[in-house]
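Visitor: For the protein sequence lines, the chains are W and F, in the order given.
Residues 1 to 316 (the numbering used here) make up the first sequence, in order.
Residues 1 to 207 (the numbering used here) make up the second sequence, in order.
You may find that some hints are simply not true.
DSSO-like mimics (lysine-lysine), calculated; alpha carbons at most 27 Å apart, straight line [what the hints assert, rightly or not]:
(1) K192(F) / K144(F)
(2) K192(F) / K4(F)
(3) K166(F) / K292(W)
(4) K72(W) / K166(F)
(5) K253(W) / K239(W)
(6) K145(F) / K133(F)
(7) K133(F) / K5(F)
(8) K292(W) / K72(W)
(9) K145(F) / K72(W)
(10) K166(F) / K253(W)
(11) K153(W) / K120(W)
(12) K166(F) / K31(F)
Incomplete in silico selection of chain F near chain W, CB under 7 Å [said to hold, decoys possible]:
(13) S7
(14) N35
(15) L95
(16) I104
(17) S142
(18) W163
Hints listed in this document are in silico derivations from the structure and should not be mistaken for laboratory results.
As the structure is a computational prediction, the values presented were derived from the model and not from experiment.
Even glycine gets a Cβ: it sits at the ideal position worked out from N, Cα and C.
Spelled out from the first residue to the last, the chains are:
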Amino acid sequence: MIIKTQKVIPASEITDPHLFLQRRKVVKALLAAPLAYAGIHSGLAAGQTTPGNGLASHYQTDSTITPANLVKNYNNYYEFSLTKEQPASLAQSLRIDPWTIEITGEVEKPLRLDLDDLLKLQTVQEYVYRFRCVEAWSMVVPWLGFPLASLLKTAKPLSSAQFVKFTSIHQPEAMPLQANNTMLEWPYVEGLRIDEAFHPLTLLATGMYGERLSKQNGAPIRLVVPWKYGFKSIKAVVKIELLKKAPLTTWNKFAPHDYGFYANVNPAVPHPRWSQASERPLGSHFFTPRRKTELFNGYGEQVAALYRTMDLSHFF
Amino acid sequence: MLPKKLSPLDVCTAICLVPLLWLALDIFLDKLGANAIQALHIRLGDWSLRFLCLTLAVTPVQTLTQWRGLSDYRRLLGLYTFFYATLHLLAYLWLDHGLQWPIIAIDIWQSSYIWLGLAAYIIIFLLAITTPKRAKKRMGKSWKKLHRTIYYASILAIAHYFWQLKGNLADPMLYLLIILCLLGFRLLVWLKSRYLFGLMIPVKRNK
Ligand code: HEM
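For reference, chain F alone in the conformation it holds in the complex (with noise of 0.2 Å):
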C-alpha cells in the first residue's frame, strides 16, 4: 500500500514534536549536564514559550501577506504549545518532584513565579479544551473572546520567565521584545480599526 501524501499540515504536524526528539536523544546520551532534572524541566519551558510565540505570529504573517489559510496551523502551534507547557508542568510535579505533594504545595507556595507559570498554564489549557471545532461551534461568540485571552498568557508567561530569573536578562529581553512586537501588531490593528470605525460614525454638529 502506498502512503498517502502528506499534506503540509502534517509535515508541519511532525517537525514540532523534533524538539521533544532531541530532548530524548540528549537523555539518552546523558548529555543534561550536572542537572538533568532542571535542564529538561528548562527545555520544555522554552519549547512552550517558543511555541506561544509561534502561535501569535501567524495572525500577523496571515494579514502581512494576505496568505490564506493559516488557521489550521495557528490551531496546531496553539496545540503544541499546551502540549509542551503539560510536558514542562509534568516535568516539574513527576520529575523533579516525584510527586511528593506536601513539598509541591510548599514550593508552589512559596515562589511567586510559579503562580504565574500556573495562570498562564491555566489559560492555554482552556483554550486548548475548547479547540475542536463542536466546542467553538457551541461556544458562538464568547468563544473569540475567550481564545483572545491568549494575549494575557503571553504575558503571564514571560513574567514567569523574568520572575524565576537568576542573572541572565539577555534571553528572556529577546522573548519579551518578540511578545511586544506580536502584541503590538494586534494593538496597531485595532487602533486601525478604531480609526476607521471612527471615521463611519456621522458626527453630531452643532448648529
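For reference, chain W alone in the conformation it holds in the complex (with noise of 0.2 Å):
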C-alpha cells in the first residue's frame, strides 16, 4: 500500500535531517504514525514493494504501542551500566554528530558515508514492530527507519559476501564499561545471514515515536530485527561488513552456550537458565497475565522460510 497524500506541511516543522528529508517524506511518516497508533497497517515506501510478498502486515501488531517513556527509560546498554534505568541519562555524553557509518568488505563499492548524506539516499518511514528481549520482557515500538537492503544495495554486494557484521562505536570517554573494560569485549559486535539482512522487515532506524533517537535507544543509527531477540538489533552503528564467513558475534562468544548467532524468538527453546514460552509486555498492569511469546516473534509468515531447511533448537 502507497500512502500518498497531498497534506501540506509548514517548511518550519522540517527541521531534521535524520527523520524527514524531503517534504513528501514527512507526510508518508507523519501520515503512518495516527493509523499504526491506531493499529491499523499503515504505508509502504514506494518503489520498494514487491506485491503480494506479505509485506504489508509487517505493520501490523496486536499488541498497543508502548508509552515512549517507558521504551526510554528501561534499556539494555551495557556500554552504559549494568541496569536499566541508568542508561536514560548516563548515554546522553555520547557524542553522535558528526557521524560516518562505513561499509566495506565483500562489496563492489565500499563506502564511507556521513550519516546525513546516507540519509539523502534513503526513504525514511515508521514501522510499528514488536520487540523482544531474550530477558522476557518485550514492548511495541514505532521505529522511523529503513530497510537495511536499500542502504546494502549502494555498495553492490559480491555473490561472496555470506554475512554482515554490524560494530558499534567505541567511544570510551563516554561509555564507562569500555573504559574499564568489562562485562563484555567492546565494541559491541553482531552479525546477520546475509538473506536476514535482505529481507525487507530488517530496518536500519533513525527514529520513534515520531522523534530522533534518543541515545540510551541507539541513536543516531541502529539495527532492528524483529524477529530476533533484542541483542541482535545493534546500537550506535559505525561499521557494516559484508563477510565470507559468519561473524563472532559479541554475547555469542561471552556465553555460547546461552545467546547462539541466530537467537530467532522461539517460545520451544528455552534459555538454559529460563523459560521463553511468555513475555511481560512493559507498562502491562498489575494481575496481567504474561502474553505468549511467538515463534519468531509473530513473524513467521514473513520469515519462517529463512529457516525451512534448520533445526531451530540446534541453530538458537
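Two chains, two frames, a set of hints: combine them into the complex.
Guide: So this is what it looks like as C-alpha cells:
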C-alpha cells in the first residue's frame, strides 16, 4: 500500500534531516503514525514493494504501542550500565554528531558516508514492530527507519558475501564499561546471514515515536530485526562489513551456550536458565497475565522460509 | 485509655513492615519504573533474602556479645523472611502470571533458577509452620534438627539469585559473602566444640 496524501506541512516543521528529508516523506511518515497507533496497517515506501510478499502485515501488531517514556527508561545498554534505568541519563554524554558509517568487505563499492548524506538516499518511514528481549520482556515500538537492504544495495555486494557484521561505536570517554574494559568485549558486534540482512523487515532505524532516536535507544542509527531477540538489534552502528564467513558476535562469544548466532525468538527453545514461553509487555498492569511468546516473535509468515531446512533448537 | 508501653520487640515488629510500606508508597506514586511488575517482584525477593540474612545473624551476634534474650528476635525475623518470601511467591503467581496455571507450569518447568527458589521456600515454609511454641514442644529434639535446615535454605536462596542473573554480579556477590560469613561462623563454632569435645574423650593408649 502506498500512501499518497497532499497534506501541507509548514517548512518550519521540517527541521530534522535524520528523520525527514523531503516534504513528501514527512507526509508519509507522519501519516503512518496515527494509522499505526490505531493498530491498522500503515503504508510502505514507494518503489520498494514487491507486491504479494505479505509485507504490509509487518506493520500489524496485535498489541498497543508501548508508551514512549517506558521505552526510553528501560534499556539494556551495557556500555553505559548494567542497570536498565541508568543508560537514560548516562548515554547523554555520547557524541553522535558528526557520525560516519562505513560499509566494507565483500562489496564492489566500499562506502564511507556521513550519516546525513546517507539519509539523503533513503526513504524514512514508520514501522511498528514488536520487540522481544531475551530476558522475557517485550514492547511495541514505532520505529522510523529504512530497510537495511536499500543501504546495502548501494555498496553493490559481491556474490561472495554470505554474512553481515555490524560494529557499534567505541567511545570509552562516554562509555564507562568500555573505559574499564568490563563485562563484554568492546566494541559490541552483531551479525546476520545475508538473506536475513536483505529481508525487508530488517531495518536501520534513526528515530522512534516521530522523533530522533534517543541516545539510550541507540542513536543516531541502530539495527532493528523484529523476529530476533533484542540483543541482535545492535545500537549506534558505525561499521557494516559483508563477509564470507559468520562473524563471532559479542554475546555468542561471551556465553555460547546461552546465546546463539541466530537468536530467533522461539518459545519452544528455553534459555538454559529460564523459559522463553511467555513475556512481560512493558507497561502492563498488575495481575495481567504474561503474553505468550510467538515463534519468530509473530513474524513467521514473513521469515519462516529463511529457516525452512534448519533445526531451530540446534541453531538457536 | 493510655496505650500500653511498647516493648522493643513490638517496635522491631513494626519496623520490619517498613519495606512493605515503602513498596506500597512506590506503587501509589507510580515509581516502580517501566516494568513495575518485575520491579515489585524483585524488591520482595531482595527483602526475603535480607531478612534471611538478618535471621542468620542473630545467633552470631548473641554468641559474640553474650547478649541474652535474642531468640524472640530471631523468631520474629524468621517469620518476616517467610512473610516477604510468601509475598514474592504470590507476586510471581498472581501479579505476574494472573494465576494462569498452564503458563506458570511451563515457566517453572523451564526455569531452573525457580526450582532453587521453590526449594528454599519449602524449607522456610516448614520452619514457619513449626514456629509456634506448641509445635516446638511436640517436636522435641527433631525441632532443632529441622530448624537447622535454614542453612540449606540460605544456600538455595543465594544460588537462586545467581542463577536468574542477566549480567550484574556485584549484588549477589555481596549477599554470597554475607551468607558465607554467617555460615562460616557456625562452622568455626562447630569445629571448636568438636576440638574441645575431642580433648575430653580419654585417648586409648597403646601399651
Ligand atoms: C526463600 C525463598 C526465596 C528468596 C530468598 C528469593 C530471593 C530472590 C532474589 C534475591 C531475587 C533476585 C532479585 C534481584 O534481581 O535483585 C529473586 C528473583 C526471582 N525469584 Fe526469588 N526468592 C525466593 C523464592 C522464590 C520462589 C518460590 C519463586 C517462584 C516460584 C521465585 C521466583 C523468582 C523469580 C522469577 C525471580 C526473577 C525476577 C526477575 O528478574 O524477573 N523466588 N528471588
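Visitor: Next step is simple, just say for each hint if it's right about the structure.
Guide: To see whether the hints hold, each was checked on the structure:
1. K192(F) / K144(F): The hint holds at about 20 Å.
2. K192(F) / K4(F): Violated. K192(F) to K4(F) sits at ~45 Å, over the 27 Å cutoff.
3. K166(F) / K292(W): holds (21 Å)
4. K72(W) / K166(F): Within the cut-off at roughly 20 Å; holds.
5. K253(W) / K239(W): holds (19 Å)
6. K145(F) / K133(F): holds (16 Å)
7. K133(F) / K5(F): holds (24 Å)
8. K292(W) / K72(W): holds (24 Å)
9. K145(F) / K72(W): Violated. K145(F) to K72(W) sits at ~51 Å, over the 27 Å cutoff.
10. K166(F) / K253(W): holds (15 Å)
11. K153(W) / K120(W): OK: K153(W) and K120(W) at ~15 Å, within 27 Å.
12. K166(F) / K31(F): OK: K166(F) and K31(F) at ~23 Å, within 27 Å.
13. S7: This interface hint is violated because 36 Å lies over the 7 Å limit.
14. N35: At about 6 Å, which falls below the 7 Å cut-off, the nearest Cβ of chain W leaves the hint on N35(F) intact, so it holds.
15. L95: holds (5 Å)
16. I104: I104(F) check fails; min Cβ-Cβ to chain W is 9 Å, beyond 7 Å.
17. S142: violated (35 Å)
18. W163: holds (6 Å)
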